[in-house]
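Asks: The residues making up each chain are set out below.
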Amino acid sequence: MTLELIPITQLVLPIPAPMSDRAWQQAQAYPTIEAKWNAYLNQIASQSITADLAEDFPQIRNSPDTDTWQFVNGSVLELNGKRIVLLPSKAIDCSELVIPQEWVDIPAWAGDYFMAIQIDPDAEMLHCWGYTTHQMMKSKARYDAGDRTYHLDAHHLIADVSGLSVVQQLNPNEVTQTAIAPLSSVAAIQAENLLQRLATVPNPRLEIPFELWGALVSDRQWRQRLVALRQGETAPATDLTTRLGGWLQNAVSTGWQAVEDFLGEDGELGLTFRQTTTPTSSIRRVKALQLPEAGTLLLLVTVEPEADDRLGIGIQLRSIYNTETLPADLTLTLLASDDEVMRSVVTRDRDNAIQLPRFRLNSGSEFKIQVQLGATTIDESFLV
Amino acid sequence: MRQRTDLIEIFSSFLQFEDDRSQGWAIDPRLNRSMRRVIQVEANGSEDFWAIYWLTQYAQKSTATDRALQQEIGHLAAYLQETCFWAVNRVMPRMGSIQMKLSDCFQVAIADVPKLLAGFDASKPTGLKAFANTVFSNCLRDRLRQQREIDFCTDWGLLQKISRKRLLDALTASNFEKILCDRYYLAWKALTTNYTAEKSPKLRSIAAPDAQTWQLIEQSYNRERKEFPHLTAATAKELEKWLLDAAKKVRGYLYPTVNSLNVKKGDDTEADWESDLVGNDAEPMAYLEEQETRAERQTQQQQMIAVLHEAIDKLDEPARQLLTLYYRDRATQQNIAQQLNLPQYTISRKLSKTRETLLKAIVAWGQTTLHIQPTSDVIAAISPLLEEWLESFYTQATRPEKS
Numbered sequence: 001m002t003l004e005l006i007p008i009t010q011l012v013l014p015i016p017a018p019m020s021d022r023a024w025q026q027a028q029a030y031p032t033i034e035a036k037w038n039a040y041l042n043q044i045a046s047q048s049i050t051a052d053l054a055e056d057f058p059q060i061r062n063s064p065d066t067d068t069w070q071f072v073n074g075s076v077l078e079l080n081g082k083r084i085v086l087l088p089s090k091a092i093d094c095s096e097l098v099i100p101q102e103w104v105d106i107p108a109w110a111g112d113y114f115m116a117i118q119i120d121p122d123a124e125m126l127h128c129w130g131y132t133t134h135q136m137m138k139s140k141a142r143y144d145a146g147d148r149t150y151h152l153d154a155h156h157l158i159a160d161v162s163g164l165s166v167v168q169q170l171n172p173n174e175v176t177q178t179a180i181a182p183l184s185s186v187a188a189i190q191a192e193n194l195l196q197r198l199a200t201v202p203n204p205r206l207e208i209p210f211e212l213w214g215a216l217v218s219d220r221q222w223r224q225r226l227v228a229l230r231q232g233e234t235a236p237a238t239d240l241t242t243r244l245g246g247w248l249q250n251a252v253s254t255g256w257q258a259v260e261d262f263l264g265e266d267g268e269l270g271l272t273f274r275q276t277t278t279p280t281s282s283i284r285r286v287k288a289l290q291l292p293e294a295g296t297l298l299l300l301v302t303v304e305p306e307a308d309d310r311l312g313i314g315i316q317l318r319s320i321y322n323t324e325t326l327p328a329d330l331t332l333t334l335l336a337s338d339d340e341v342m343r344s345v346v347t348r349d350r351d352n353a354i355q356l357p358r359f360r361l362n363s364g365s366e367f368k369i370q371v372q373l374g375a376t377t378i379d380e381s382f383l384v
Numbered sequence: 001m002r003q004r005t006d007l008i009e010i011f012s013s014f015l016q017f018e019d020d021r022s023q024g025w026a027i028d029p030r031l032n033r034s035m036r037r038v039i040q041v042e043a044n045g046s047e048d049f050w051a052i053y054w055l056t057q058y059a060q061k062s063t064a065t066d067r068a069l070q071q072e073i074g075h076l077a078a079y080l081q082e083t084c085f086w087a088v089n090r091v092m093p094r095m096g097s098i099q100m101k102l103s104d105c106f107q108v109a110i111a112d113v114p115k116l117l118a119g120f121d122a123s124k125p126t127g128l129k130a131f132a133n134t135v136f137s138n139c140l141r142d143r144l145r146q147q148r149e150i151d152f153c154t155d156w157g158l159l160q161k162i163s164r165k166r167l168l169d170a171l172t173a174s175n176f177e178k179i180l181c182d183r184y185y186l187a188w189k190a191l192t193t194n195y196t197a198e199k200s201p202k203l204r205s206i207a208a209p210d211a212q213t214w215q216l217i218e219q220s221y222n223r224e225r226k227e228f229p230h231l232t233a234a235t236a237k238e239l240e241k242w243l244l245d246a247a248k249k250v251r252g253y254l255y256p257t258v259n260s261l262n263v264k265k266g267d268d269t270e271a272d273w274e275s276d277l278v279g280n281d282a283e284p285m286a287y288l289e290e291q292e293t294r295a296e297r298q299t300q301q302q303q304m305i306a307v308l309h310e311a312i313d314k315l316d317e318p319a320r321q322l323l324t325l326y327y328r329d330r331a332t333q334q335n336i337a338q339q340l341n342l343p344q345y346t347i348s349r350k351l352s353k354t355r356e357t358l359l360k361a362i363v364a365w366g367q368t369t370l371h372i373q374p375t376s377d378v379i380a381a382i383s384p385l386l387e388e389w390l391e392s393f394y395t396q397a398t399r400p401e402k403s
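Chain order of the listed sequences is P and V.
Once you know that position 9 of the first sequence is 9 in our numbering, the rest is easy, because the numbers rise by one and skip nothing.
Once you know that position 22 of the second sequence is 22 in our numbering, the rest is easy, because the numbers rise by one and skip nothing.
So here's chain P without its partners, still in its complex pose (with noise of 0.2 Å):
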């Protein structure tokens, strides 16, 4: 009944129950009630606005940074060079759109649209019921200084939610944004003595100026170190790249060990990569990463000389034993070390291991893996 109140101008999703379910499950990861809520709303609404929006746009990108959620609201798809900020809420009232200012302010997460998005657990369903941009958005939202917000008035966003994607259609380049200051650079012993500080205060977004929490959050390492030290970790973070060019010298890294060593005689893994043949002058090796919520997989990485000083790289995901299945919703990414996502791969029903494409790179490039479930990631970084 409740559909009938909702305009056709604005979008409604029912949200499935295993959906639900599982973005509920994994948002227990987190330690409060309102990162709880943060993860829950934002896994819904970037899983459903994606598959939604992917009908028309199937270049659609969704990478969620999940270890924001921990401090902010919002998730960010990419679209046409276009960073769409997603803004889920479960209250029942649309009077207005609460915007983080990371999301304004923040050069690097600086969203062009804003999209309001009611989400109600209990009739399960979703909906979208306005968008905004960047510069209409800044000439018209009230600042909240208290907790660092926008606040626009539901009059004041356009209410016609397919209006976004018309604007997509016929003019992808639209001019979206008001220009951004650049924040303040933060030098590494600023930052680890901030971090310090923001380990154990309960609200580490506002303890902080902005100019330099937006500095810190928005860098990931950073992020990721914070997340780390609000959980208990207290080592200074060191230099973790593996040298990959190295092992061809039979180098060791540290985690790091042969297949064969890790497995003993007992070779079940050699049937692991999905390749038939595994050429001889390959390597192989494999780290165990341990998540909370699935316990210890295993990553596997071959490296291979190729001609011109390249190597090529083979990157796969499994459970420790055959016969045991991967959660879902598990992702293996690859990135470019300025962070850009090259590819991603998510774990469907059942599978018990996932891969990335093979790819060659030069010698001396650097790139990441990251492995993400729930509130937990996990990102090495290598060195070719």
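In short, the hints are calculated from the structure, not lab data.
Just so you know, these numbers come straight off a predicted model, no measurement behind them.
A few of these clues could be false.
[Unchecked claim] Lysine-lysine pairs mimicking DSS-like chemistry, simulated, CA-CA at most 30 Å apart:
1. V:K165 <-> P:K140
2. V:K124 <-> V:K61
3. V:K202 <-> P:K140
4. P:K90 <-> V:K124
5. V:K241 <-> P:K90
6. V:K199 <-> V:K189
7. V:K199 <-> V:K115
8. P:K90 <-> V:K178
9. V:K360 <-> P:K138
10. P:K140 <-> V:K360
11. V:K314 <-> P:K90
12. P:K138 <-> P:K82
[Unchecked claim] Partial list, computed: chain V residues near chain P (C-beta under 8 Å):
13. N194
14. K202
15. T324
16. R328
17. D329
18. A331
19. Q334
Backbone N, C-alpha and C fix where the C-beta goes; we use that ideal spot for every residue, glycine too.
Got chain P; can you put chain V on it based on the hints?
Replies: Below, chain V alone, put in the same frame as chain P:
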């Protein structure tokens, strides 16, 4: 409802209801005098002209408070009476059984005029009625959705499902002093940051917190209240009492005793705002320009309607059928779903997609013919017009009066 034709009446009278039926027009004497005065200066102005005139007056003072803008808001609220009436009439039949009467719904919608004007882009003044039509219907739907949802909720469920703004609005509407607002707000914050659903995200019938959780809530409140020097420490028992009262205030706020622009308040003296009446600003030049742009606009509108006709003709038969059922027959989506034997979500989706095709056709036409860049601003202006055209296109034959 008798359609108003007299200009002075259009900008100074309000629809009256009796036994839930519209029962003529009541003239506001102050607005009436103000209209008479400005019309003496510019006798040739059309209805559009005066709407734009008051909008311009409003926009020039837009930094002022609503109170300083009472006169402009009053004239424009009078002007939008029919628009509101028809918007409410279109929304209500789709609602099924609701507790609100037509007159209540009308008052809920018309009370949104001040915010509506603040949200309206006055640089495109001609779209005011279309924009208001959209705002009135959306505002009424939002209110009805909220009412329906809180009817499902226990007090504890309701407290979980409201926004900070909804809570504070309800408290302000109950004439709470600042200290009470702060106290209730902090109590609500302590509750929602320490207590929520566990096994599933469903919140409607969540139980009251247990004793252990109350301790957490109490500690959290007493820690946070130190930021508010005027607040003293509180016990869990007190917090519980305040929270249940807050829930009651929110329910009361969503089912209000109607108090809107159409009700005479009588709390300000006439001199209060008639002293700064600005009747001489309607210059003859402005009138001439308005005549020219109006002719141009009418041609454009006719062209756009032709584009719309063409776009509708190009739709496939099922899509056209869907539009007819929705806009002409005013069928509920549930009804359409039953008729076509499809899930309701599918109907809603198809309707949205079909409407998107029409929106795209108009915006694309503007791009090639009028060289208007298809930006989000343009969407914001065109979307309400499209809704208005679709409604009139499909109902011309069945509706005797057009707002």
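Asks: Of the numbered hints stated previously, which ones are contradicted by the structure, given in increasing order?
Replies: 3, 4, 7, 11, 15, 16, 17 and 18
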